[in-house]
Amino acid sequence: MVIAKKDLRETLRAKAFYGSVGIVIFVMVAIVAGLGRNISALIEQGTSPAEVASAIQTLMGTTAFTLSLIIMLLFCMYTNAYTLIMEKVKRSIESLLCTPLSLREIWLGKTLAISLPSIVLGLLFTFGGIAGINQFFVVPELGHFIMPGAAPLVAILLVVPFIVFFFASLMIALQLIIANIRWISAALIGLVVAVMFGLSPPILKFGSASWSIVFISLGVAAALALVTIFLSRLVTKERIVLSSKG
Amino acid sequence: MTVTIDLDRVSKSLGSREVLKEVTFSVEPGDIFGYLGPNGAGKTTTIRVILGLLPPDSGEAYILGRHVEHDDTREKVGFVLEADGLYDNMTAYDNLDYYCQIYGLPPPLKNKRIDGMLELMELRDRARDKVSSYSKGMRQKLALARAMVHEPELLILDEPTAAVDPTGQIEVRQIILNLSQRGKTIFLSSHNLDEVQRICNRIALIDQGEIKLCGELDKLRRDMGKREVVIGTTIQTAREAESLNGLVAELEALPYVTSCRWEAQKLHLHLDGQGDVSQIVAMVSRRSIGVEEVIKGEISLEEIYSKVTKGRE
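Keeping their order, the protein sequence lines are chains G and E. Heads up: the first sequence at position 93 corresponds to 83 in our numbering, and the numbers run straight through without jumps. Heads up: the second sequence at position 191 corresponds to 279 in our numbering, and the numbers run straight through without jumps.
Hints in this document: simulated from the structure, not taken from any laboratory. Hints should not be assumed to be uniformly reliable.
[To be verified] Straight-line distance between alpha carbons at most 25 Å, and here's what the computed DSS-like set of lysine-lysine pairs gives: (1) Lys(-4)/G to Lys307/E; (2) Lys384/E to Lys395/E; (3) Lys5/G to Lys80/G; (4) Lys300/E to Lys224/E; (5) Lys(-4)/G to Lys354/E; (6) Lys218/E to Lys198/E; (7) Lys354/E to Lys384/E; (8) Lys395/E to Lys307/E; (9) Lys200/E to Lys(-4)/G; (10) Lys109/E to Lys398/E; (11) Lys(-5)/G to Lys5/G; (12) Lys398/E to Lys300/E; (13) Lys198/E to Lys(-5)/G; (14) Lys218/E to Lys5/G; (15) Lys307/E to Lys164/E; (16) Lys300/E to Lys109/E; (17) Lys(-5)/G to Lys218/E; (18) Lys198/E to Lys164/E; (19) Lys198/E to Lys307/E; (20) Lys218/E to Lys80/G; (21) Lys80/G to Lys(-5)/G; (22) Lys109/E to Lys395/E; (23) Lys164/E to Lys200/E; (24) Lys109/E to Lys80/G; (25) Lys(-4)/G to Lys198/E; (26) Lys195/G to Lys80/G; (27) Lys(-5)/G to Lys200/E; (28) Lys218/E to Lys200/E; (29) Lys164/E to Lys(-5)/G.
Fair warning: this is a prediction, and the values are worked out from it, not measured in the lab.
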């Protein structure tokens, strides 16, 4: 936890972090406004309140699931993604490896430092967005709050954080193994694209508010975990030291 | 008492190159052990093996009686590596605080130790400045402070005065000597022969991955190669000098004397490593020649170094 705490402090001091938060807020406002227009259109169609509520719930579930995944992955990529590669470039990682900390503790610390703020911010923005839509578009028309269904809530609160944790863990593993920063950048972008495109066909087929997508997302998290476990055999102190600069 | 560092026939290859070839030496508690060798000789690789960064291909490495592969072995080890590993965007205080937390120091003790170290290194005034604003000498002192903040028994220092100005070098050397007086064992890898000669009691010299010599520095200087001995006499006149007849030849006949000459009222002798100076003085005295002084010149570390490395560096 010492490593995670130190890296989190560093993240909160970095201007890039606040820049990312600003961009996400801007995007969120645009998405909430767009979604609000869709909800207004649904209400204006004049269907029964129960049907409108159901349609809004589905729409909100789909949006919230996709949004939480994108926000969390983007925060992972842009707030602390290169923390370890910088430690390798400056060779502070070598000193860290000479302490009584085990390689697993360092790996876990770095993973938590990336995944925790991403998950917390992702959840804050997702539920902030849901509250905003309700406050400005749903409550004035229907008189009550509408939350996404059980499946998207489980996905947002449990499954997406799992995906993000193993994604961060995999990012750290790649940085521990690979020396070339360009290769790492390519691998990270490839990873994000793989996760997003891997989930897109099932989302289109089942809709992201369904239980099927929860299980498919769990499968994605498990796949990331398996790749991480496989790569863990390659993560050795020798490889880290010899792939550091200098 | 447990040997502090024990390397037993450690070999290590990196790629196709055999960097360490059956490296064997031990460091005793309280030693200031100088580890010398030309660039690429295997010094940094040895340190990496000792610190558990590189596993040996064969042989065994122990520190403080425990195998280096155990993470908790390093609880009582402090280190300053070739790259100081400090965090530039953090203050000196935060750098020390981070390592205190890693070593699990409780908060009251942690603050006391950090303050003590900053005081010792004369960095207290700059404690809240970012390390990026520090000079090389200040960085090295901070790295030393970080290495000592958890009161380790063993300090491993890789070129601690490299790129440090002379004032900084003197300060770092003094700190090392103070640490040794406090009972710490110090393993010092250095290119600076003068520095090693000044502060180390034992050395090992590695070249092309092999330990070429190892032992107490004074003993090595005595044992290695020739020793020059100058005997000042009371002889003033040519008549008195007649008493020397045959003495030079007699001394040259001794098995450990490689040359002897009489010059400016003094006998200049070169002895090999086993020479017995007291026997020579006794032979001179037997001829009723007054001995005013005996000056023993020993081989310098620089001579030992160039002899072993054959001036390759």
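Here is how each hint holds up against the structure:
A threshold of 25 Å between alpha carbons decides the hint, and for Lys(-4)/G with Lys307/E the separation of about 49 Å lies outside it, so the pair is violated. At roughly 20 Å between alpha-carbon atoms, Lys384/E and Lys395/E fall within 25 Å of each other, so this suggested pair holds. Restraint check for Lys5/G and Lys80/G: the C-alpha separation of about 20 Å stays at or below 25 Å, so the hint holds. At most 25 Å may separate the alpha-carbon atoms for a hinted pair to count; Lys300/E and Lys224/E exceed this at roughly 32 Å.
Distance check on the hinted pair: Lys(-4)/G and Lys354/E sit about 69 Å apart at the alpha-carbon level, beyond 25 Å; violated. Between the alpha carbons of Lys218/E and Lys198/E the distance comes to roughly 20 Å, so the proposed pair stays at or under 25 Å and holds. Between the alpha carbons of Lys354/E and Lys384/E the distance comes to roughly 13 Å, so the proposed pair stays at or under 25 Å and holds. With a C-alpha separation of about 16 Å, the suggested pair Lys395/E and Lys307/E falls inside the 25 Å cut-off, and the hint holds.
A threshold of 25 Å between alpha carbons decides the hint, and for Lys200/E with Lys(-4)/G the separation of about 20 Å falls inside it, so the pair holds. Between Lys109/E and Lys398/E, the direct Cα distance comes to roughly 19 Å. Compliance with the 25 Å bound is thereby established for this hinted pair. Distance check on the hinted pair: Lys(-5)/G and Lys5/G sit about 18 Å apart at the alpha-carbon level, within 25 Å; holds. The hinted pair formed by Lys398/E and Lys300/E meets the criterion: a straight-line CA distance of about 12 Å does not exceed 25 Å.
Simply put, Lys198/E and Lys(-5)/G have alpha-carbon atoms about 17 Å apart, close enough for the 25 Å limit, and the pair holds. With a CA separation close to 17 Å, the supplied pair Lys218/E and Lys5/G stays within the 25 Å bound. In summary, the hint linking Lys307/E to Lys164/E is not supported, as the alpha carbons are separated by about 30 Å, beyond the 25 Å threshold. A distance of roughly 11 Å separates the Cα atoms of Lys300/E and Lys109/E; the hinted pair therefore holds under the 25 Å criterion.
Of the pairs offered as hints, the one joining Lys(-5)/G and Lys218/E holds, with about 19 Å between alpha carbons and a cut-off of 25 Å not exceeded. Distance hint between Lys198/E and Lys164/E is fulfilled; the C-alpha atoms sit about 16 Å from each other, no more than 25 Å. About 42 Å separates the Cα atoms of Lys198/E and Lys307/E, which puts this hinted pair outside 25 Å; it is violated. Among the hinted pairs, Lys218/E with Lys80/G is consistent with the structure: their alpha-carbon atoms are about 16 Å apart, no more than 25 Å.
A distance of roughly 20 Å separates the Cα atoms of Lys80/G and Lys(-5)/G; the hinted pair therefore holds under the 25 Å criterion. A threshold of 25 Å between alpha carbons decides the hint, and for Lys109/E with Lys395/E the separation of about 20 Å falls inside it, so the pair holds. Among the hinted pairs, Lys164/E with Lys200/E is consistent with the structure: their alpha-carbon atoms are about 18 Å apart, no more than 25 Å. For the hint pairing Lys109/E with Lys80/G, the CA-to-CA distance comes to about 30 Å; that exceeds 25 Å, so the pair is violated.
Between the alpha carbons of Lys(-4)/G and Lys198/E the distance comes to roughly 16 Å, so the proposed pair stays at or under 25 Å and holds. Distance check on the hinted pair: Lys195/G and Lys80/G sit about 47 Å apart at the alpha-carbon level, beyond 25 Å; violated. Under the criterion of a C-alpha separation no larger than 25 Å, the hint pairing Lys(-5)/G with Lys200/E is consistent with the structure, at around 22 Å. For the suggested pair Lys218/E and Lys200/E, the alpha carbons sit about 21 Å apart, so the restraint of at most 25 Å is met.
With a C-alpha separation of about 24 Å, the suggested pair Lys164/E and Lys(-5)/G falls inside the 25 Å cut-off, and the hint holds.
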